[in-house]
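Using the hints, position chain B against chain A.
What follows is each chain in one-letter form.
2 protein chains.
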Amino acid sequence: MVAPLKVGIAGLGTVGAEVVRLIEAQGNVLASRCGRGVRVAAVTARAKAKKRGLDLRGVVWAASPQALAADPDIDCFVELIGGAGEPALSAIETALKAGKSVVTANKALIARHGVRLAVLAERHGGALNFEAAVGAAIPIVKVLREGLAGTRINRVYGILNGTCNYILTRMEQERLSFAECLKDAQRLGYAEADPSFDVDGHDTAQKLAILASLAFGTKLAEKAVFVEGISSIMPEDLQAAEDLGYRVKLLGVALRTETGIEQRVHPTMVPRSSSIAQVMDVTNAVTVDGQGIAPITLIGPGAGGAATASAVVADIADVARGVRALPLGQPAARLVATQQAPMRRHEGGYYIRLMARDMPGTAAAIARRLAEQNISIESIVQRRRNGAGGTTPARGAPSMPVILITYATSEDAVRRAMQAVKRDRVIAGRAQLIRIEKN
Amino acid sequence: MVAPLKVGIAGLGTVGAEVVRLIEAQGNVLASRCGRGVRVAAVTARAKAKKRGLDLRGVVWAASPQALAADPDIDCFVELIGGAGEPALSAIETALKAGKSVVTANKALIARHGVRLAVLAERHGGALNFEAAVGAAIPIVKVLREGLAGTRINRVYGILNGTCNYILTRMEQERLSFAECLKDAQRLGYAEADPSFDVDGHDTAQKLAILASLAFGTKLAEKAVFVEGISSIMPEDLQAAEDLGYRVKLLGVALRTETGIEQRVHPTMVPRSSSIAQVMDVTNAVTVDGQGIAPITLIGPGAGGAATASAVVADIADVARGVRALPLGQPAARLVATQQAPMRRHEGGYYIRLMARDMPGTAAAIARRLAEQNISIESIVQRRRNGAGGTTPARGAPSMPVILITYATSEDAVRRAMQAVKRDRVIAGRAQLIRIEKN
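Taken in sequence, the protein lines are chains A and B. So for the first sequence, the numbering used here puts the first residue at 1; every next one is plus one. So for the second sequence, the numbering used here puts the first residue at 440; every next one is plus one.
No lab work stands behind these hints: they were computed from the structure.
Ranges of calculated distance between the beta carbons of each label pair, as one might list FRET restraints:
#1 A:322 to B:847: 41 to 49 Å
#2 B:486 to A:259: 41 to 49 Å
#3 A:360 to B:821: 54 to 62 Å
#4 B:453 to A:439: 23 to 31 Å
#5 A:52 to B:761: 32 to 40 Å
#6 A:322 to B:846: 47 to 55 Å
#7 B:490 to A:364: 58 to 66 Å
#8 A:243 to B:711: 17 to 25 Å
#9 B:761 to A:188: 44 to 52 Å
#10 B:625 to A:235: 42 to 50 Å
#11 B:492 to A:257: 28 to 36 Å
#12 A:429 to B:847: 47 to 55 Å
#13 A:429 to B:618: 54 to 62 Å
These stretches of chain B come out as covered by chain A in the derived footprint (C-beta under 8 Å, 3 or more residues):
#14 467-480
#15 571-582
#16 585-594
#17 731-740
#18 744-752
#19 767-780
One-sided and incomplete, this derived list gives chain B residues near chain A with beta-carbon spacing under 10 Å:
#20 457
#21 462
#22 464
#23 712
#24 713
#25 716
#26 718
#27 722
#28 726
#29 755
#30 756
#31 757
#32 760
#33 761
Each residue gets a CB set at the ideal place from its N, CA and C atoms; glycine is no exception.
Pulled out of the complex, with its shape left as it was, chain A reads as follows (with noise of 0.2 Å):
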C-alpha cells in the first residue's frame, strides 16, 4: 500500500475550511479511488485562533504560506488563499520548485501567471491543478485538457460570472433596472461592495483567458480579452430579446477565426432555444463546439464554497491517483500569444435599439444608412409605446423604439450605420448595440 499523499492547506477560509471537511468526509472514498489515502497534514491561514468548527489534532500549523510550501512532510500544496500576487505566487512557486503539486482555485493568479507557472511545474514534476478557478463545480478545465482530446475546438463560450447571470435573470423576470437588480445581489452576498471586477465583464475574462489556452494553446493574457460589461442593459432591452427569441447574457467567447483565436466578454443575445438561454440565476454554463459535432455544455454551480471545495478535492485526487497532465493541456512553451481582437472586424448579427424621432421619412433613413453598409436587416419592430403617441422629449419631434436584429454583418458597418444615422438626426440618445451569438 502506497503511503498517504500528505496535502498542506493554505488558507482557512470558507472553501480551505470545506476542503478540510470533505477530505475528512471522503475519506475511504478517495482511498479507494485513487489507490492511496489522502491526509490533511500541514495547513496555515493569517489567524490561528479563529474557530472554525474543523477538528485540527494531529495537524501541523506551519508558520506562513511560504514555509508550508517549502515544509519537505507536504507532497501536495493547496492554495486558497486568493490574489494574483503575494504571498500566494511566491508560495506556490516555492513548492512547484520543490517537485511538489500544487492544487489552487485562484484565476486571477492563474490568468496573470498561468505560464509561468506551468513551466516550473512541466520542469520539476509536478502538477498544477486549478480545476476551481473557473465554473467552480463544473469540470470544465479537465474536460478542456483532457476529455476532448479527440475534438477540433472551433468555439468556447460560456456563462462564467454568477453576479451578473443573477443580475440579468432578475433583470428579466422582474422587468427591475440594473441598478434596482445590482442591489439586491449586493444584499444576498452575491455581488461585492464594488460590483465593478464582476460587472465590467474582467472576473468572466480572466475565466475566459483560462478556458481559450486549453481550448486553443492561447498563451494567458487577460489583456487579449475585449471586455464589455452589463451595466448599460436596459429592462426594454430584455423584453425586446423575448419578443424575438432571444436571451441576454454576459458571456465569453473564444473563437477560432482566420486570423487567430478572438476572446471577447460582453452582453450577448443567444437564441432562447439554446441550452445557455435556459442558465438562470447564479448557475455557470460553458459550451464546446467541437468540429463536426453537436455542441457540449457542462452546467453548474459557478461559486460557492462547497462547490469550490468539491473542485479543490477532485484535483487533488488526481495527485494522488499520479495523474500529470500538462497544467495547460500542452507544454507551456509552445503556447501561443495572441493579440487582443479587433472589434470593428467582429463579424456577426446584431440587435439594435434606437430611439427614433416619430416624424415623416425616419424610418426611410434608417434603412438608407444601413443599407449603405450592405447590412441586412432579419426582422425590425417599430412600436408606438402603450399603443398611444410617442414620448415628447425636452426638444424635438416624439420618440418611439425602433428595434433591428440584422443579418451576419461587420462592427465596422454598424458602427458606421450609426453614425451616420446620427448625422442624419433622425433619433435621440445613442443606439444600443448588442451582438448575437448563434449556436
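Positioned in the frame of chain A, the structure of chain B alone reads:
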C-alpha cells in the same frame, strides 16, 4: 522523445473509419497534448476490400480481432466491432491479458462483462476506457470516474437514448402519436427496424448501469435496473405535462436510498424549468446531484459517427498520456452487488391520467380512494373535451379525462388506490401513471 503509441483498430464501420481520420487530422495536436505521438499501426475488419476512403498505406491488416489483440506490435487495442459477445469479448480479454490498454465504444459489452474486464485491466496494468459507451461525445465517464472524486453523489439521471428523446420531442411539438413518430425516426435512421431495444428502455438501462457503477460503486448489472419504455405515452400526456409545468422524458435514474442504490428507467415528468427538460431531439444529457452543491448537467450529442469517434480518440489520448484510472472508478473487487429496486416501494410524486365516467359521485369516489391511501393531491385537472359533453364509450356513461398530480407518496399506495378506483367502476380503461422526478 517517447515512441508513438501504436494503436490497433478492430472494426472499420462509420466510427472506426472516423477514428482513423481523426488520428490523422489531429496528429500534431495529440502529440503535443499527450507528450507522444499516436499512430494507427494495424486494423482489422470483416470486408478488407470495402471502399472506405481511408489511406491505410503502412498500416498492417490483421487477420482477425483476436490476431490484432495478440499482436505484440500494438500498445492499445481499440474495439469498435460491437455486440455484447464474440468476437469482441475474447479479443478484449486477449489484449488486456497481454498488458495492453483497451478502448471500446461497446456499452452492451461493458454493461454485461465490465466487472470481469476491469479485473483483468487492473491485474495486468492496462487501461480500459469506454467514454463513447455512454453519451458518445459527452465526457460523462471521465467526469464520474475522475472529475467528481470530491463530491458525494446522491443521484445521477439522464436522457441517454436519442431515439426515445427524438420521438417524445416530435410527439410533443407536433401532437403526433408514438407510432407515427417512431415511423419517422426509422425513416431518418434514428431508430432500428426492430426498435424495441431503444423504445423499451433497454439501451438506456445498459448505459445507466455503467453510470451507476461509476457514481456509486455498484456492480454492473443490467438486471438490477427496473425498465419501462415509452410506447404507452400518449400525446394527451405530453399536453397535460405542458399545462402542469412538466415535460415527459425517458430517464435513467440511479440514486442513493436508505436501502441501497435504486436504478430505474421509465418515462418521467421533469419540471419544465430544469436543464434536462430543455434537451430536445436526439441530444443526450446527464445530471449529477452532489451532496451540498447545485446539480451539474452535461449536454451533448449522444450518438453519431463523429461524436463517438471523438470520445474514442480522447480515450486513446489518455492511454498515450499514461493515465491509468481504475476502469470503474474504484477497484472492481470492491464493487457492491445490487438488486433490482422493488418499485412498489419507490417514493415520489405521480402523474395520473384517468378516463372518468361522467356521472354524479365520480370525483368524490376517486378522491376518497386516494385519501384512503394517504395520498395528497398537488393539482387536479378535469376537463370536458371541447367544452362539450364527454365522449360516450361503447357501453356506460360518457367519460372525460381527469389528470392528477400527487405529492410524494409510495408507488404501492398509488397502485392500491387505482385498483380501488377500478373496482368502483368510475373509470373506463386503465389509469396512465407517470413518475415525477424533481430537481
